[in-house]
Amino acid sequence: MSVSRRSFVKKVGIGSAAAAMMAYDGPRSVARAWSLSLPEEERPLFLQYNENPFGPGPRALDAMETGITAGSHPTARYGLSSTALVDAITATQGVPQANIIIGNGSTQILRTATHVFTSPAKHLVTGAPSYGECSAYAKLIGTPVEFVPVSASMRLDLDAMADAAKGAGLVFVDNPNNPTAALHDADAMGAFIDRVMTESEAMILIDEAYHDYVMDPAYRSEITRAVRNKRILVARTFSKAHGMAGIRIGYGVAHTDTLASMNEWHYDSSLNVAALAGAAASLLDTEHTATEQARNTEVRRFTVDWFKSRGIQGTDTQTNFLFVHTGVPAADFRSGCAEHAVMVGRDFSPFHDAWARISLGTMEEMQRAIEVFEQVLELKKVAVA
Amino acid sequence: MSLSRRALFGAHTADGSERLRTLIAARRRESLVDELWPNLDEAATVAQPAGGEIRLMFNENPLGPGERALDAVREMFPGASRYSENTSPSMGDLQAALAAANDARPEHVLLGAGSGELLKDAVQAFTSKSKHMVTATPTYTASTRVAEYLGTEVRAIPLDSDGKLNLVAMAEASRGAGLVFVCNPNNPTATVHQAEAIAEFVGRVQQISPETVIHFDEAYHEYVTDPGYRSALSLALWTPNIFVSRTFSKVYGLAGLRIGYGVGHKDTIAQLGRYGLPDNVNNVGVAAAYATFHDPVRMRREIRRNGEARRFTIDFFRKAGHEVFESNTNFIFVNIGRPAAGMRAACQEHGIRIGRDFPPMEKTHVRISIGTMEQMQQATAVFAKVLA
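Protein chains in written order, with this note's numbering: chain P, 12 to 396; chain S, 11 to 398.
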């Protein structure tokens, strides 16, 4: 174990460190806030929330500065314009301005869609395990939820989800899927969409949060289909590759009829001037996004290859996290890593008995993390088939 | 922007879209106000840059939040990827500060993306097709729009002839209601009910309809100068089914960063919080709010500045023969005896923007926000012309 990790553990005592860090309560970890007071080389590695280890790129930062100072006190103004951001989305994604809705993170897009398109009589269909925002809100408002287990390949079971779409209000498709990290290619998505369109009246919400990290050439975003198709909504976020999770900005693309329905409910005063400026600039800084994609790809390949070299299989990840078959309960793996100041993902039922989700940090962080994984899992190199 | 800061962020400007070639951060003369704070008089007479319209339609703070707040925002920029639960200051820090300032605990405080989010969540949390909402007319209508979408019946009680909420009638109408929306001070009339009337109202509602939730919207609380006014917050903390909403958008000048909060009985706050958007509060807004909340000197200067400009503007209208309700906010509601739309259009031609229509009083009354003294001197010259 590196000196810095050892000194951290010695400083706080293994027991208290582990106890503090194991008190998982989502991204609201008290331990994380506390750790910011430590010198950087002594901080634990946070590999459990799929966060981008870097913030926004320099052009986005510049735009955020301008956003809070340009003109006359923009931070004090109502009626902020999202024109710059909408135009940037149009320019980079090739969808018209009228087909764009902006949200306080894609969280707000998912919520609005769940509210508008589901009800006690029109259920929600979602994968299991999958990203839980829609199902959590559905529960709050009394919408029944049909959870469809992922298939043996750890992909969303699109056939079963299409079956479940009969009578549904909304089908939530996380592509790539969180937490299983794998995606469905264009053909599979196309076939699924056709089935749902023909056999049901459900809306399809496709969450492409990890879109920028996908390298699989068979993947295709459904964003242009969403413009023409009254029953498809695509959600995107600035929380991952663009490094803006904390300033809260995301968007959706859909047919204008769909947006008209959503806009009746959508709380449109949640957007702040820094996020509007930064997101627009970040989208236009395609060079930076490409660099970030390449960086993540390199770290991902490194970490995946390492697990393979130790005989551990994982899903074909197209995101900034891994879903690996450690063979031990996630809780044990988590507590073992925590004792070495490495924080990995929570339980993802029903796979918490043998699978772990590990977010990707920087290359340096992953080089340190694998030392811990090796120790915790008592791994040895195996011949790679 | 100082040289060192530009060096830190780099001199990049976005290439490509011309729209994105945003304005250079010119240090407008108003921003010099922050350097002049020790001398309030000088601060109040900073000249309006030529060519800019005067915005008196949204009840904004004309001087913004101040450079300290902006510095706090800047410090947060590199940490933009961190959720506000994990930043420093964090959501929790802001919540704790708000609680402590009100002799309460964090469980009594709920943050929102603007108090508007809390207004919406309250309607969703406490009303239904069988539990109506009571409000006033004219008053702030954001809650009403949400209620209408949800199919909640809305009973809007007319103000009395003094432009004040008719609390007696609102209490009567609260029987069986899910929610009573009480905007105190009231928007758009700028009137305020004093402590006794509020306490009596609460007592009446709790007698008539103890399950009804009372929402006091105190967005303009800090601007109140009526010595008989008391915030309902202390009542709300310890009385079931009451909460108060406040905002960082007005006196603190942070409308563009979207931070509001609710304070009230812990059970009511908990129920309201169940409907809040996850991760609703952005981290730069938290940083700015935390900074401004810990700058009470600035806030007091703003209240005094607003009071003077408000007095000047009210005096202008009264001398010109127009009735104005005594204002306890950063706007006034004037009886111009003709439709607001006409005056609004005429003012716009002179670069002054005043408030929207407020039915059912839009045929005779207009709402005008209070800007800087300089702005109000310019604006009243235009008003005189337009109303001649």
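Hints listed in this document are in silico derivations from the structure and should not be mistaken for laboratory results.
For every residue, glycine included, the Cβ atom is placed at its ideal position computed from N, Cα and C.
Hints may be right or wrong, so weigh each one.
[Said to hold, decoys possible] Only pairs whose alpha carbons sit at most 25 Å apart, straight line, appear in this in silico BS3-like list of lysine-lysine:
#, chain 1, residue 1, chain 2, residue 2
1, S, K139, P, K133
2, P, K150, S, K139
3, P, K150, S, K276
[What the hints assert, rightly or not] To give a feel for the contact side, a few chain P residues facing chain S, derived at Cβ under 7 Å:
#, residue
4, L72
5, Q119
6, G254
7, M255
8, N274
9, Y278
10, V284
[Stated by the list, open to error] Simulated restraints, written as ranges between beta carbons of each label pair:
#, chain 1, residue 1, chain 2, residue 2, range
11, S, E182, P, P361, 52 to 60 Å
12, P, I152, S, E182, 30 to 38 Å
13, P, E275, S, R240, 50 to 58 Å
Tested hints:
Using a Cα cut-off of 25 Å, the hinted pair K139/S and K133/P holds, with the two alpha carbons roughly 19 Å apart. The suggested pairing of K150/P with K139/S holds, with an alpha-carbon distance near 19 Å, which does not exceed 25 Å. Distance restraint check for K150/P and K276/S: the Cα-Cα separation of roughly 22 Å lies within the 25 Å cut-off, and the hinted pair is therefore satisfied. The beta carbon of L72/P comes within 5 Å of a beta carbon in chain S, closer than 7 Å, and the hint placing it at the interface holds.
Of the supplied interface hints, the one on Q119/P holds, with its beta-carbon coming within about 6 Å of a beta-carbon of chain S, less than 7 Å. Because the closest C-beta pair between G254/P and chain S is about 4 Å apart, less than 7 Å, the hint holds. For M255/P, the interface hint holds, since its Cβ comes within 7 Å of a Cβ in chain S; the closest pair sits about 5 Å apart. Restraint check, N274/P versus chain S: the minimum CB separation of about 11 Å is more than 7 Å; hint violated.
Because the smallest distance between the Cβ of Y278/P and any Cβ of chain S comes to about 6 Å, under 7 Å, the interface hint for this residue holds. Among the interface hints, the one on V284/P holds; its C-beta lies about 4 Å from the nearest C-beta in chain S, closer than the 7 Å criterion. Taking the beta carbon of each, E182/S and P361/P are about 55 Å apart, inside 52 to 60 Å as hinted. Hint check: I152/P to E182/S, Cβ distance near 31 Å, so the stated range 30 to 38 Å holds.
Under the hint 50 to 58 Å, the C-beta atoms of E275/P and R240/S, about 38 Å apart, miss the expected range.
This entry does not satisfy hints 8 and 13, going by the numbered hints stated previously.
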